[in-house]
Each structure stands twice: as C-alpha cells, then as structure tokens.
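A.B. asks: If you want the building blocks of each chain, they are given just below.
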Amino acid sequence: MTNVTAATAERAPDRSAARRRRAILIFVSRYATFIGLLAMIFFFSINAPDTFFSRANFINILSQASLTAIIAAGLTYTLVVGEFDLSIGYVASFVGLMVAGFLAKAGLPIPVAIGLALLIGIGLGLVNGTLVTKVRINAVIATLGVGTMLSGIGFSYSAFPIAMGIPREFTNIAIGRPLFGIPNPVYVMIVVLVVLWIILNKTETGQRMQAVGSNIEAARLSGIRVDRIKMFAFAVAGFCAALTGVLLTSLLGSGTLGAADGYLLDAFAAVFLGSATLREGQFHILGTLVGVLVLAVGFNGLSIFGAPTYFQPIFKGGVLVLAVGLSTLARRYAASG
Amino acid sequence: MVNNTAEIGPGASAATRVPGHWIEIRGLAKHFAGEVALDHVDLDIMRGEVHGLVGANGAGKSTLIRCLAGVTVADAGRITIGGEEYRQGSPQAAEKAGLAFIHQELNLVPHFSALENMLLGAPKAKRLGLIDWKRSGAGARAAAEKVGIRFPLETKVSELGIGERWLVMIGKALARDASMIAMDEPTASLSAAETEHLFALIRELARSGVAILYVSHRLDEVLDLSDRITVLRDGEIVGRTLRGSLDKKGLIRAIVGHDVQTREDRKRADVARSGLPLFSARNVARGSAVKDVSFDLWRGEILGLGGLIGAGRTETARLAFGVDRLEAGHFELEGERLAIRGESDAIARGIALVPEERRSQGLMLDQSVAFNITIAALKPLRSIAGLPIVSSGKVRAEAGRMVRRLSIKTPGVGARISGLSGGNQQKALIARWLGHGMKVLIVDEPSRGVDIGAREEIHDAIRDLARAGVGIIVISSDVEELALVADRVVVLHEGRVTGELTGDDITEARIVELSYLDRGELGGEGT
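Residue numbers (the numbering used here), protein chains in the order written: chain L, 229 to 565; chain A, 248 to 774.
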C-alpha cells in the first residue's frame, strides 16, 4: 500500500498541471466563439468604419441572420434530443414554393396560405419523426430521403419560379419595418428564439428533451415517452424550416425551386458553433444565435471587403469544420472530467 | 491482510511446485477505482489439465482472465509461461503464447463463413498478393476435423446454432496451435446433447496436452470436468482442490466463505404477510430468461431477489416495469390485474425502477444533481398549477430536500452529477422516485461499485422507504447485501423460483445453495 501512495504523490503535480491545462482548454472552447465574434466585429469596424460600423449595416446583418437563425433554432431542437434533420433546407424550399403556389395559383388569402404552409412544415417534421422513432430508420438517412423526395415533388409542382400573382401585401411582410426601422423577419426571429428558449429551458417538455439527449435509456426508464419527445423536436424543426421558407418567398417575391436548400449548411455550421459556446458541447438556443451571428458578420465583412464570391463557401465550410471540431473537443474535455 | 486461504482437500499444498507447470501466476494484484479486484493471486496451470475456476460474481475471475488475455494489466505480480516472462497488456502476446479465450458472446463475425472466422486475423497463405483460401484453410480443416465439425466450413456463422459456433471457436483456437483455451460459461446456452459433445471434446483436448481453464457457475459441471478447481472470493484465492476431494456443498462453502455470516443485529421488519399482497407476480415468463416466476410483495416489505447473473432477476424487473412485454403470466397490484404498456404506464400506477447500470441507464451525466433528481416528477414543480412551466426555484428546493433527506454529498444541487461519488449518484437515483408517491420500488444492484459506508446509507434509505409503506424489491448479486437488507428472499435459477427464505433462514449459504439449485433437484416441480 505504501508504494501506491508514494506513486500518487509523485504524480500529483503532474495532475494539477493537467487540470490547469484542461481548465484553460474548456475556457477557450467556451468563449472561443464569443471572442471570435467580437474580434471580427472589432476588426471590421476598425478597417471599415463607414461601411461596416453603421446602424444600417447592423440592421442588414440582423435581417440576413434572421432567416438562418429561425431554421437553425429548429435544427437545435433535433440535435438536443440526439437526432439529426438534414431535410430542413429542402422543407424550407418546398414550403416556400408551395406558399407562392397557394397565393398565386390557388389565390388563397394570405393568412390561410401561410397557415397551410406552416402546417405542411409541421406535418413533414412529424413524417421525419415517425420514420426515425417508429420505423427506426437512422435520422440521417430518413431526413435526407424525405428532403430529396421533397425537391422532386417541388419540381413536379412547378419547375419554374412562381412570381406572377403574388400579392404585394405578402412581399411587404419581409420588407416591412414596423418599429425602429428594423424589418419584420428580425422580430419574427426574436419571437421564435424566445419561445423556443422558454420551451427548452423552462417547460417540462424542454426538460424531457434535455433528458432524452443526455441519456436516452435513463430517460425512458424515468418514464419519459422518448418517441413523443423526439416527434415534438422534429415537428418544431419542420415548423421553423417552413417559417424560413415563407419568409424567404416573401423576401424574394417569388417561389423558386431549391431557393432555401443552402440554409441547411448554414444552420448546421451555426448550431455546432453554438454548441461549443458557453456550454461544453451541448446544443442550446443562445449558442445557436451566436453561431448564426458569427456567420452573418463574417459574410457581411467579407462582402464589404470585396472578397470574391467563391470565398463564401470556403468560409462557410471552414466554419462548419472548425465548429464541429471545437464542439467535439469541448465535449471530450467535459467528459474527461 | 490476514491470509485466510483455506487449503481444501488433500494434495493441494503439494500442487505448488510440481514439474510440468506451464503457466505460473505469482502475486497478481489489481485495483479498480480503489476496490480490490485481485489480491496477490498465485495460480498454476498445467498442460493437459482441465482447471476449473469458480467464485461468486465480482470475485475476480474475469479480471484474472483479462490479465491473461492481455486486455488488463495488473498493478503487481508476474506471469511466466513455460518459464518465460509473459508481457502483460498485449493481446498479441497472448496469442503468440498460445492462449485462446472463448467468451460467452463468442466473437464471431456472423456473415462470414465458419472457415473465414477460423482464419480471422491469422496470417494467410497468399498467391500473387491474393489470399489462397485452399492452402490457408488446410490447418483450419484439420482443426475442424479434430473438434468434430460435421457441417461444411463454408456455412455462414449466422446459420449455425450456438453449439456449432462453440465448435468453430474451439477450432479457431486449435488452428492457431493454442496450448491453453479459457472458456467462460460455455454451457450457458447449449442443449444437453451439445453439452455432452463439448465435454467429450474438452476431455480429449486435455488428453492431447491442451490446458483448459474452465470458468462456470455450474458447479456440477465444474466438479465433473475439472482435474483441479480454484476458488476465488473477493479477489483472493480461498481454495484449491483436486478432483474428487470436494463435493458441491464444500465448494459452495468455499465460494461464500465460512467466516461471513448473517449479521445478528439485523432486525427484519415484522411485516404482516396476510391479506392482500401489494404486488404479485403470477407465473410471469418471457423467452429463455424468465420461464416461470411468481412471488408476492407486501406493503412495507423489502423483498430480495437472489440468484446468479443470468438467473432472470433483472429480466423479471424489466417485465414488472413494462420495459419488456410479458409472454405469459401477469402482475397484480393490490389485487388488481395489471396490463402495463410501458415504463410511463408503470410509473403512473406507482411502480418505479432504479436500474442496474447506474451510468448507462440511470444518470444524465451532463446534467445537474437537481435535474437528475426531479426529472421523473416535474408536475408538482410547476410554477403555476396547470401550466407546464417548471419553476427552477421549486426544482432547487425539492432537490435540496432530497439531498438532505438521503444525505447526498454534493457541492450543491446545481453541480453536475458526474462529479459525485458512485454512492451519492445512486442515492440521487433513488431520490428521483421519492417525490413520486410510488407504491412499489424495484432497486437493481443498489450498491454495485459503491464503498461500504455508502452501501450502509443506501440500505438505510431503502429501509426508511419500506417503513413509510413502500413495497421494495431489491435485486442483488451480492448475497451478503441480500442477507443484510431483505426481510424475505426469493431465489431464482435459470428463470424459475428455486426457493423462498424468511427470517433466520436468510443466510448467505442458503441463498447461494438455492442459486445453484438445478431444476432436477427441485423434485419435479419444474415440469
């Protein structure tokens, strides 16, 4: 026994050094995204005080970020319960096309068209949820399959953009600035984020979602209806995707095939970036917002500095890889505690 | 440390330095997280012998085998094979030394053929860089013949029965010139005929000079087959015996130990076992794990479910909690027949389960202590009744109350549960059900991997609950724990009840005896 204690005593300083190293790493991974965001804002503000550091540009950044933030918040829900949704971009595109069709082709009143569009989004989320929980298809496969099918169905509905016959009142939704000169989508984003934050952090459903994400087996043995919780998360993801699709159609003034497909990658980059923010590798709404802002500020700054357009996907892909890397590292260090 | 090694049977002391020792293990010790798994174990294995290795769950058998297999490195001690130092911690070294290990799960690739499995990982003859299956397979075919494989070696393993798979595993070992084969509970899923065949094969292998390390809970088989038997208890070798010098009773005594007895100061609750039981199992069955289990549980009683791993205790608990579906029989709660449709249904009726695997089935490790305690009963913690908004203040208060009630040691209710000790984590999992007003609580392995002090506290918590009128079922592989905490013990063996012990009859020896009781010894009850 004595030689054992001697050995641990020898290793003690070693261990405290390791602990310090771990604490530093956790700090870096917690605040890296914040620091990165602030550093970018600082850098752009110094170098382009007139163009970047202006109220108009900040509003511009926020409105660019709003659609990504809404769809990414929905995606956050599926990741919180330990699943994936690769269909969100396609759902947004499809719903965007459908809402244009409802207005222009079917001539439905605007509230009815939007209501229907959002219901389609929820329905598609429930389809994803059913495939994942009841049929037990891997979420990546199920949602990719559903998304791909949607792009085909959208094509069969209208291969060409639907622009004619969309009422002005609908396109005004995305452009309208009711208060402080801030456009509507930003307010929609704030409402969505606040509601989703409250649900996730303050309600029974939210607690159960976190339990499912933490340890699905333990959640089940605690009497949580795991399948229902997952269905709910997928439905929210579908709803958020549909909302993004509707807003995008309003913003573009037309329903275009595949218009929102690119939001998938943006949303993933933002959510993973967010998961490494403040908490160690947990997905959460506030983190997602920070992730979205990092992307939006980055894009904005790049375009102000006249970076060639091909640089955008490089930046986006780079951020995604970096974000997932950071989030994985953070989780590993948290687990090794 | 007191040396309480009991040399049981004649000739045992002579067996320390006999020529022909092939594997010599000296002073092997291993600790896991401060708990002793192996305590200076000396063991010799000779070529051409069947060496039985027995002991209760957690006695150190698996650790010993893992050290030999190169999966685990011992803290102290050395192993020599044929006089040469054996490098620990390398599965490759184990294979080179001719040691083969067959675990219960049989590491076979199901969609590979028997031949491919036998050659898996072995160097293969090649022609032009491609595997020459014909030449490579020659050795395997010879081995297959030796073990008596009668099916074509091209058959996929997924199409083979369990008995045939065992033959493939043994053939695989022989194809690599294994000079020792360790087998872990080989007959657990074999039919009587397959068992016969396996035994004949084992004897023949021993005759041809292969050493067999035979690990099993089935003492009759061990006694029948082994030339020598080594008994492990709490990481120490407590008995060595030669064939014919010990009977089953003696072996059980060695496994349990003479000195451990039921504590006299343990007062069993005087539960009124008349009238309507609180909870009953009536001939419940599912698959081969639970064949026919019946018992009653009264209000305020702690019922112990004893038996070996695989006896069907956890499986019975899973049936009662609605995790798995019943195939026959039913449960009754307060005389009313239950049809449980799932975990949440069971909880709604007042049945709760603290699962066996604390980390994988119980804890939400990245969440706080308060989260883990309150997650199963959020409704009473709403900020406004009727609105599903959880009040974080009420969550903290409720968690704080539980922390005090079960004296859970934690820096605070907001601290992550992963930082707590195993015993305190276990108490938090029990606390999860306290706010629920449940009637029946099933606790599976309440003190696994927990130190003595925490075990005492967990037992106190369980007794407190029972006094409050809850019916409690404690499942434990630790017979001492059952003897300490249970008011009544029902013992299972291979999915059937082999006996019930009450009052002074609850002794460790009796529980172990019933755990090993085979169906034939029940006197025809099993049919």
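If you are wondering where the hints come from, they were derived from the structure by calculation, not from laboratory data.
Hints may contain errors.
[Stated by the list, open to error] Derived pair list, reagent style PhoX-like, types lysine-lysine, alpha-carbon separation capped at 25 Å:
#, chain 1, residue 1, chain 2, residue 2
1, L, K430, A, K626
2, A, K381, A, K393
3, A, K641, A, K626
4, A, K686, L, K430
5, A, K626, A, K686
6, A, K381, A, K403
[To be verified] Here are some chain L residues pointing at chain A (derived, C-beta under 7 Å):
#, residue
7, R249
8, A446
9, L449
10, S450
11, R456
12, T484
13, G486
14, G490
[Stated by the list, open to error] Pair ranges (Cβ atoms, derived):
#, chain 1, residue 1, chain 2, residue 2, range
15, A, P658, L, F270, 34 to 42 Å
16, A, F359, L, G351, 39 to 47 Å
17, L, A535, A, R629, 38 to 46 Å
The beta carbon of each residue, even a glycine, is placed where N, CA and C say it ideally should be.
A.B. asks: Could you run down the list of hints and mark each one as holding or not?
C.D. replies: Do the hints match the structure? See the list:
For the suggested pair K430 (chain L) and K626 (chain A), the alpha carbons sit about 13 Å apart, so the restraint of at most 25 Å is met. Using a Cα cut-off of 25 Å, the hinted pair K381 (chain A) and K393 (chain A) holds, with the two alpha carbons roughly 18 Å apart. A hinted pair counts as satisfied when its Cα atoms are at most 25 Å apart, and K641 (chain A) with K626 (chain A) qualifies at roughly 11 Å. As the CA atoms of K686 (chain A) and K430 (chain L) are separated by approximately 29 Å, the hinted pair breaks the 25 Å bound.
Distance hint between K626 (chain A) and K686 (chain A) is fulfilled; the C-alpha atoms sit about 18 Å from each other, no more than 25 Å. Taking the CA atoms of K381 (chain A) and K403 (chain A), the gap is near 17 Å; set against the 25 Å cutoff, the hint holds. With a cut of 7 Å, the hint placing R249 (chain L) at the interface with chain A is violated, because the nearest CB-to-CB distance is about 19 Å. Taking 7 Å as the C-beta cut-off, the interface hint given for A446 (chain L) holds, the closest approach to chain A being about 5 Å.
Among the interface hints, the one on L449 (chain L) holds; its C-beta lies about 5 Å from the nearest C-beta in chain A, closer than the 7 Å criterion. For S450 (chain L), the interface hint holds, since its Cβ comes within 7 Å of a Cβ in chain A; the closest pair sits about 4 Å apart. Restraint check, R456 (chain L) versus chain A: the minimum CB separation of about 9 Å is more than 7 Å; hint violated. A cut of 7 Å between beta carbons decides the hint on T484 (chain L): the least distance to chain A is about 40 Å, and the hint is violated.
Annotation: G486 (chain L) was flagged as interfacial toward chain A, and the flag is violated, the nearest CB pair being 38 Å apart, outside 7 Å. Among the interface hints, the one on G490 (chain L) is violated; its C-beta lies about 32 Å from the nearest C-beta in chain A, farther than the 7 Å criterion. In this structure the supplied range 34 to 42 Å holds for P658 (chain A) paired with F270 (chain L), their Cβ-Cβ distance being about 37 Å. For the hinted restraint 39 to 47 Å between F359 (chain A) and G351 (chain L), the CB-CB distance of approximately 44 Å keeps it satisfied.
For A535 (chain L) and R629 (chain A), the hinted distance range of 38 to 46 Å is not satisfied, since their beta carbons lie about 52 Å from each other.
Of the hints listed earlier, those the structure fails to meet are numbers 4, 7, 11, 12, 13, 14, 17, in rising order.
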